[in-house]
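Given the structure of chain A, go ahead and fit chain B onto it with the hints provided.
Quick mapping for you: the protein sequence lines, in order, are chains A and B. Quick note on numbering: my numbering labels position 362 of the first sequence as 362, and the sequence is numbered without any gaps. Take the position in the second sequence, starting the count at 1, then add 395; the result is the number in my numbering.
There may be inaccurate statements among the hints.
[Unchecked claim] In silico BS3-like links for lysine-lysine, alpha-carbon gap of 27 Å or less: (1) B:Lys634 to A:Lys115; (2) A:Lys239 to A:Lys279; (3) A:Lys115 to A:Lys133; (4) A:Lys285 to B:Lys598; (5) A:Lys22 to B:Lys724; (6) A:Lys272 to A:Lys358; (7) B:Lys648 to B:Lys724; (8) B:Lys680 to B:Lys634; (9) B:Lys753 to A:Lys115; (10) A:Lys115 to B:Lys724; (11) B:Lys674 to B:Lys648; (12) B:Lys598 to B:Lys416; (13) A:Lys115 to A:Lys253; (14) A:Lys133 to A:Lys253; (15) B:Lys510 to B:Lys528; (16) A:Lys329 to B:Lys667; (17) A:Lys253 to A:Lys279; (18) A:Lys358 to B:Lys484; (19) B:Lys753 to B:Lys634; (20) A:Lys279 to B:Lys510; (21) A:Lys329 to B:Lys724; (22) A:Lys239 to A:Lys285; (23) B:Lys598 to B:Lys648; (24) B:Lys416 to B:Lys510; (25) B:Lys634 to B:Lys674; (26) A:Lys358 to B:Lys598; (27) A:Lys89 to B:Lys724; (28) B:Lys598 to B:Lys674; (29) B:Lys634 to B:Lys598.
Quick caveat, the hints were computed from the structure, so don't treat them as lab data.
2 protein chains.
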Amino acid sequence: MESGVTYAKGFKASGVACGLKKNGNPDLAIVVCDRLASAAGLFTRNAVKGHSLMLAQQNVRGGYAQAVIINAGNANACLGSRGDEDALKMAALMAQRFGLAPQHVLTGSTGVIGKPLPIDRVSAGISMAVLSKQGGADAARAIMTTDTVKKQAEASFTINGCEVRIGGMAKGAGMIHPDMATMISVLTTDAAIDAQALQAALKEAADASYNRISIDGETSVCDQLLILASGASGCPAIKAGTADYTLFLDALKSVCITLARMLAADGEGATKLLTVTVKNARTQKDAQLISNAIATSPLCKTAAFGNDANWGRLLTAAGYSGAAFDPAKTDIYIGTVQVCSSGGGLDFDEAAALNELKQPEVVYTVDLREGSFSYTMWTCDFSLDYVRINADYRT
Amino acid sequence: MESGVTYAKGFKASGVACGLKKNGNPDLAIVVCDRLASAAGLFTRNAVKGHSLMLAQQNVRGGYAQAVIINAGNANACLGSRGDEDALKMAALMAQRFGLAPQHVLTGSTGVIGKPLPIDRVSAGISMAVLSKQGGADAARAIMTTDTVKKQAEASFTINGCEVRIGGMAKGAGMIHPDMATMISVLTTDAAIDAQALQAALKEAADASYNRISIDGETSVCDQLLILASGASGCPAIKAGTADYTLFLDALKSVCITLARMLAADGEGATKLLTVTVKNARTQKDAQLISNAIATSPLCKTAAFGNDANWGRLLTAAGYSGAAFDPAKTDIYIGTVQVCSSGGGLDFDEAAALNELKQPEVVYTVDLREGSFSYTMWTCDFSLDYVRINADYRT
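For reference, chain A alone in the conformation it holds in the complex (with noise of 0.2 Å):
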């Protein structure tokens, strides 16, 4: 099946294991365009960065990239200058299997940092590697650390009758949080785009999905979002500002939404989704503040791990969010039950909100009462699996 990255005309995938996951699950994921292709990306913010992702984040700049590959289980980050070397030799293994030029190819490293990359089997991996429209599957698979599930999302539009194909794959799991590239992402299309164009529509969907979930509220060394745009499609290319460019981000998002809600979904040791939105804010900032504050708040997370419908740490968090708002005119409902009434509890049906919190995902929702902005973001509830998973994930 033509799935994630190979949904889209002229890209090719596969996903191998190399040897780089101690329990030999795929550990290698590469994409090969048939054509140089229109490319974008965004990049972490913090300001250590991995070394794969330096060349990633050089390479892209010109605006073509033709190939990406990504290598999960060890990632090549905080080594000094072997760190830069590797990176370029990963990119011209690939660039020597598939007859590209080493610049065209994008380079992406996740998994514990600080440990030496084994280049000898990211060599054997590529030589391994076997291209194929069915790969995309594989590719998702392999760029998986603690994630439990591969993530892939698709989404097509017409341009007068000719269909334009969006795919992608993520893998996100812990650290993430927003206001960056949250995780690592590719998405491939083939739309004919240019690069400019790319990268704005590139920006305003994350903005809309990646930038919008939390995990843990840590931020890796090693998070980007790459997007290829082949133009095998053969339809019309896509200018920015017109009607069509307004199909294809909206097509876009959808991908990034549904990408972004799997993510949350499947963070570490997360056994439901948190949808947290907040709602009649003064400013869309308030409405950032607050839901960011909520989403991010361990007891706020650990009372929805407990099923415990605790809105007085979710009133806390919005007074300790920044916003400006008057907590006397705060509701707050968990799904359907309103818990709170103008800042103090209501005698709400304990059962009824229990219900609720038991379901594979609970929208908390906090109405200022206020003014017209609203805003949402996605982040999963903290369980004693995150403590187990983090507490000897090097060791």
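Same frame as chain A, but now just chain B:
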């Protein structure tokens, strides 16, 4: 034994069980001074404020107080006008019982938010309270919530041979974070000092202690730090800017730092105290940003719980802290074991690092090698028990 809040002359205290805590433990702490004392306080910066706290904030403004009453087990917060009335009742009942002016009573409350305070039980508790010089420990026990040990500290110094005493108690455990008075703490001294100098000293001492601890990045609506100065030592009055004031400040800091470290070490679920020191930063703010990022990072703290020398997470947290620094210069130490040099991993002795991580106090040192500013914060590891405690706190 005279300890904690009854260590200084002029103060008596009591701690009684009046039925606010489900487990029947003491839940009402009362401190009374034998005369009108100078008073100062620091309060939560949360936009949401508990009703008892707001009354204390109002009453302390006059610069004088004679008693403190704090209940645990049921926060008087988010309850509308009823909450304000209950706070006033608490002060009135105290005034009646001990012959005080109600505006000289400082009220406090901690526990579950949004649950009306059973004021009849508080009233019964006030009636049964018997004040004594030995009551400091009982009061310290009564303000505990999820704390596992009571927290008291004392210090003294002399002015021309005349002894001045400072003592105090604190409760913490969860919802602990800097940039405010981050818990409930009551300090008492028999120094003769006016309210203005007392407020300045309290702020400076809090900045060196309570404002440098984080347990979970959360801040409560009930956090307050109060100090009463009886003048009962009979020693000369302490004026701001004098050598005596410096002695007073140093002793006050020592009490606050001792209590702050106890709070961090006894954080919810904590198995160890983590001391995070950032050295040789370009500015104090940079050092503070990095130590705060590490001290609040779930990943750094779960690694500490798992005794995993995952220094990459420390460097990552430094990277997203917002501080200006060159990661390529950074050295990192776990205890005395250097694990990272110039931003790159060292082939360090894992056994030695493990031994450091197993100590009751683990010291992380991040040396930026760029300037001369340092900052230290105290926190704890992030364990399975933090999640267990908070998953069903309310129910």
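Structure-based check of all given hints:
Taking the CA atoms of Lys634 of chain B and Lys115 of chain A, the gap is about 58 Å. The hint is violated against a cut of 27 Å. Distance hint between Lys239 of chain A and Lys279 of chain A is unfulfilled; the C-alpha atoms sit about 34 Å from each other, more than 27 Å. The suggested pairing of Lys115 of chain A with Lys133 of chain A is violated, with an alpha-carbon distance near 33 Å, which exceeds 27 Å. Between Lys285 of chain A and Lys598 of chain B the alpha-carbon distance is near 31 Å, which puts this suggested pair outside the 27 Å criterion.
Distance check on the hinted pair: Lys22 of chain A and Lys724 of chain B sit about 31 Å apart at the alpha-carbon level, beyond 27 Å; violated. About 8 Å separates the Cα atoms of Lys272 of chain A and Lys358 of chain A, which keeps this hinted pair within 27 Å; it holds. Between Lys648 of chain B and Lys724 of chain B the alpha-carbon distance is near 33 Å, which puts this suggested pair outside the 27 Å criterion. This hinted pair does not check out: Lys680 of chain B and Lys634 of chain B have alpha carbons roughly 30 Å apart, beyond 27 Å.
About 23 Å separates the Cα atoms of Lys753 of chain B and Lys115 of chain A, which keeps this hinted pair within 27 Å; it holds. Distance restraint check for Lys115 of chain A and Lys724 of chain B: the Cα-Cα separation of roughly 18 Å lies within the 27 Å cut-off, and the hinted pair is therefore satisfied. Simply put, Lys674 of chain B and Lys648 of chain B have alpha-carbon atoms about 21 Å apart, close enough for the 27 Å limit, and the pair holds. A distance of roughly 32 Å separates the Cα atoms of Lys598 of chain B and Lys416 of chain B; the hinted pair therefore is violated under the 27 Å criterion.
Proximity of Lys115 of chain A to Lys253 of chain A is assessed by CA-CA distance (about 35 Å); at most 27 Å being required, the pair is judged violated. Distance check on the hinted pair: Lys133 of chain A and Lys253 of chain A sit about 23 Å apart at the alpha-carbon level, within 27 Å; holds. Of the pairs offered as hints, the one joining Lys510 of chain B and Lys528 of chain B is violated, with about 33 Å between alpha carbons and a cut-off of 27 Å exceeded. Only pairs whose Cα atoms come within 27 Å are accepted, and Lys329 of chain A paired with Lys667 of chain B is rejected, the gap being roughly 41 Å.
For a cut-off of 27 Å, the pair hint linking Lys253 of chain A to Lys279 of chain A stands: about 21 Å separates their Cα positions. For the given pair, Lys358 of chain A sits about 40 Å from Lys484 of chain B by alpha-carbon distance, which is inconsistent with the 27 Å threshold. For the proposed pair Lys753 of chain B and Lys634 of chain B, the alpha carbon gap of about 46 Å is over 27 Å, so the pair is violated. For the hint pairing Lys279 of chain A with Lys510 of chain B, the CA-to-CA distance comes to about 25 Å; that is within 27 Å, so the pair holds.
Taken as a hint, the Lys329 of chain A and Lys724 of chain B pair is broken in the structure, with Cα atoms around 50 Å apart against an allowance of 27 Å. Of the pairs offered as hints, the one joining Lys239 of chain A and Lys285 of chain A is violated, with about 30 Å between alpha carbons and a cut-off of 27 Å exceeded. Restraint check: the Cα-Cα separation between Lys598 of chain B and Lys648 of chain B comes to about 10 Å, which is no more than 27 Å; the hinted pair holds. For the proposed pair Lys416 of chain B and Lys510 of chain B, the alpha carbon gap of about 13 Å is at most 27 Å, so the pair holds.
A threshold of 27 Å between alpha carbons decides the hint, and for Lys634 of chain B with Lys674 of chain B the separation of about 34 Å lies outside it, so the pair is violated. Distance restraint check for Lys358 of chain A and Lys598 of chain B: the Cα-Cα separation of roughly 45 Å exceeds the 27 Å cut-off, and the hinted pair is therefore not satisfied. Straight-line distance between C-alpha atoms of Lys89 of chain A and Lys724 of chain B comes to about 25 Å, which keeps the hinted pair within the 27 Å bound. A hinted pair counts as satisfied when its Cα atoms are at most 27 Å apart, and Lys598 of chain B with Lys674 of chain B qualifies at roughly 24 Å.
Straight-line distance between C-alpha atoms of Lys634 of chain B and Lys598 of chain B comes to about 16 Å, which keeps the hinted pair within the 27 Å bound.
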